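K.L.:
Sequence:
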Amino acid sequence: MHIHIITDLEGISGVTDISQMDFDSEGYEYARKRLMIDTNAAIRGAFNGGADTVTVTDGHARGQNFINEMLDTRAKNINLIELYKQGIHKQVDALMFVGTHAMPGTMNAFLDHVQSSISWYDYYINDVKCGELVQGGAFFGAYGAPVIFASGDEAACAEAKYFFGEIQTAPVKKALCRNKAEAYDLAYCEEQIEKNACMAISLVGKIKPYIVSEPLEIRVDFTRTDYCDNASERPGVERVNSRRVIKRIPKITDYLSILL
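Here the sequence shown is numbered in the working numbering, starting from 7 and rising by one per residue.
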């Protein structure tokens, strides 16, 4: 059984302030260490539950957040582009999210956004407002792999259950406002991620993949017109109004196809 894990940074345990997203801050280095702890907990859980192969993708920003020497050596680190270039996505049996965040506009969510908190205001697939959870779920769902586990703040875990059903989750904090959160006990978080990721393996074959109807219409609303100016120059992108573009694709062929 092959489990793939996509990680992000905003929903990692112990990450409680927006300043920790600053690559030059001391808080960011702490966040990286917590990222590895949460990721390794999910890896252990997956293997304990019966996985034969675990691959992981560092999904935050440019994907250079892992402390490689801390990664569980049983797991292979691979970015999403290489994942589908090599056809590995077609071999995945189920998907897990670690450190995820809610879609933009979510109440009581820590660092809610989709792709860019600066330029992207809202994102839709086939008129359904969603975020990065659904992007990953739709991509892997197109190849038959369901989402079975997610960790992050309370809002992100609730969003994962809303879209994917009764999956396993591990909430690690709750938002106090968009830019600050209250962390739960770190040892408890690590334990819950490992335990619930392990239990999630039993959902393979029971939870259905997240399937979107094809062809797809991707819609992005931007925060400013100049961001829309730039996006509208991309191949296949149609401008609808001052802040909105759409892109129609016949089917999900790769992860980038559901972006812009």
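Careful: at least some of the hints might be erroneous.
Cross-link-like lysine to aspartate or glutamate pairs, in silico, DMTMM-like; alpha carbons within 20 Å at most [claimed, not checked]:
| id | residue 1 | residue 2 |
| --- | --- | --- |
| 1 | Lys253 | Asp133 |
| 2 | Lys96 | Asp78 |
| 3 | Lys212 | Glu172 |
| 4 | Lys253 | Asp227 |
| 5 | Lys186 | Asp30 |
| 6 | Lys135 | Asp99 |
| 7 | Lys180 | Glu197 |
The set of hints was computed from the structure by calculation and includes no laboratory data. Just so you know, these numbers come straight off a predicted model, no measurement behind them.
K.L.:
Run every hint past the structure and note whether it holds.
P.N.:
Comparing the hints with the structure gives:
no.: 1; hint: Lys253 / Asp133; in the structure: holds (12 Å)
no.: 2; hint: Lys96 / Asp78; in the structure: violated (23 Å)
no.: 3; hint: Lys212 / Glu172; in the structure: holds (10 Å)
no.: 4; hint: Lys253 / Asp227; in the structure: holds (12 Å)
no.: 5; hint: Lys186 / Asp30; in the structure: holds (19 Å)
no.: 6; hint: Lys135 / Asp99; in the structure: violated (26 Å)
no.: 7; hint: Lys180 / Glu197; in the structure: holds (17 Å)
In this structure, the hints that do not hold are numbers 2, 6, in rising order.
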